[in-house]
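Participant: The primary structure of each chain is shown beneath.
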Amino acid sequence: MLRHAWRLARKDLLVEFRSRTAILSAVVFTVLVLMVFNFGRDPTAVAAVDLAPSIVWVTFTFAAMLALNRAFQLELENQALDGLLLAPVSRSSIYLGKLIANLVFVATVEGIGLPLFALFFNVRVVPVLGPLVGIIALATLGFVAVGTLFSAMTARTRFAELLLPVLLLPFMIPPLIWAVLATATLLAGRPLSEAGGWLRLLAAFDIVFVALAFVLFPATVNE
Amino acid sequence: MRLLQTGRWITVIGLALLPAVYVRAISFTPVERMQGAAQKIFYLHVPAAIWTESAMVLVGVASIFFLFLKDPRLDRFAEASAEVGIVFGSIVLTTGPIWGKPIWGTWWTWDARLTLTLLLFLMYVGYLLLRGAVTDPGLRARYAAVLGICGMCLVPFVHLSVYMFRTLHPQPIVLKPSAPSLPGSMLATLAFSFVVFTVLFVGFVTQRYALSLLREQAAPHA
Amino acid sequence: MPENTPYMVAAYIVAAAILVGYAVLLYRRTLKP
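Protein chains in written order, with the numbering used here: chain F, 451 to 673; chain A, -18 to 203; chain R, 18 to 50.
Derived from the structure by calculation, the hints contain no laboratory data.
Watch out, some of these pointers could steer you wrong.
Computed beta-carbon distance windows for the label pairs [as the list claims (entries may be wrong)]:
no., chain 1, residue 1, chain 2, residue 2, range
1, A, Gly113, F, Pro668, 49 to 55 Å
2, R, Leu48, A, Leu149, 38 to 44 Å
3, A, Ala169, F, Arg491, 51 to 57 Å
Over the 10 Å line for every Cβ pair with chain R, so calculated as not near, a few chain A residues [unchecked claim]:
no., residue
4, Tyr3
5, Phe9
6, Ile31
7, Leu48
8, Ile79
9, Trp80
10, Ala93
11, Asp117
12, Leu141
13, Thr148
14, Ser166
15, Ala191
For each residue, glycine too, the CB sits at the ideal point set by N, CA and C.
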């Protein structure tokens, strides 16, 4: 299953990165959001470090939404989804492939966004880079897992781009909040153990919802 | 149709009992010392909140069974529960701020009940929007079931979060809009109100279910 | 009159309005599905 998933993911990613439009627009968007946040605050009144966690996470969330919106659109054009379903590949592989592709996409945007954020806001992330990347990975996995499942459903509906965020929002709020709280703990220089509760919730969320998505995905594509 | 008639009768009974709840809460239950009359909002707010959350469990469980059994009755029941969940959720989200304003000083607080109810409300809306956006009935039922199950699974996480947040940021106990130990009279009023709200929930869901059935019978799908 | 009564009244009216309103809505929808 893993092999099929990986091939599927590669196919998606190759299409994405060859065309480059999606990744480019996501990065540009990230820069835009960061700039807006910067000019939106009064630097004398609010320290960058206080706002930092929220800024980082709102930015990443938008990037994830951009990625997820397009997740199944590739298949939608050319009816490729039917072809995919007919192939001797298990449904789970399809989901896993999509998940991996989406994760790589979002991770790329985050990988570019984080240094930019550190630069624009003059926040020192290098000392806490390890744990920070860990938090980012946990939260991202959570909402991309749910988002990939939901985008399989919204892809064929009329107002897909509008519907997906609406459906996804309640499921992104808890992990987002935990990630912001954990990030805030880190950036404030406090030990990681203080964010332990939030990290455990993130991990539990990931386990539950990745498993759930795997189990439920076939229901979204079976005829 | 019998189911519809039953639902209507149950609803009527519930609505007829509602004034009794009101009278009991307003005139025959003691006024709480620190919150004044506003505390009495509790008797409507809490039963509504209980049913808003319970409706999500019903949606989730019905959805799980639907995916296994493929019985359209389960799908209809889930749909009905979600819609009624929105109604009760609206009660929580309106009475909550009205209660909060004099007590906390602000219209909105991120307390456990309001936060959870807001998320539930958003999920119900999403659930109904998804149903509205899918034209094929078989697909619609399956998609809704997937969303319903995910929604139900999110609820424990919200509870955990709130609990964790509370242990880190203890709230002032004095004016908490939920008394842990109620005097007998208040408990009785709350119980009475809960029963009436239950009757209303059952009546609403029954009618809404009947409505789905009627619609399908009027325009049968292939 | 105990304090905060106007708030109580407002909330009680809103709740009743929602419940009765939905009941009426259901009634009308089920008259002609």
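Participant: Of all the hints given earlier, name the ones this structure violates by number, lowest first.
Facilitator: 1, 2, 4, 8, 9, 15
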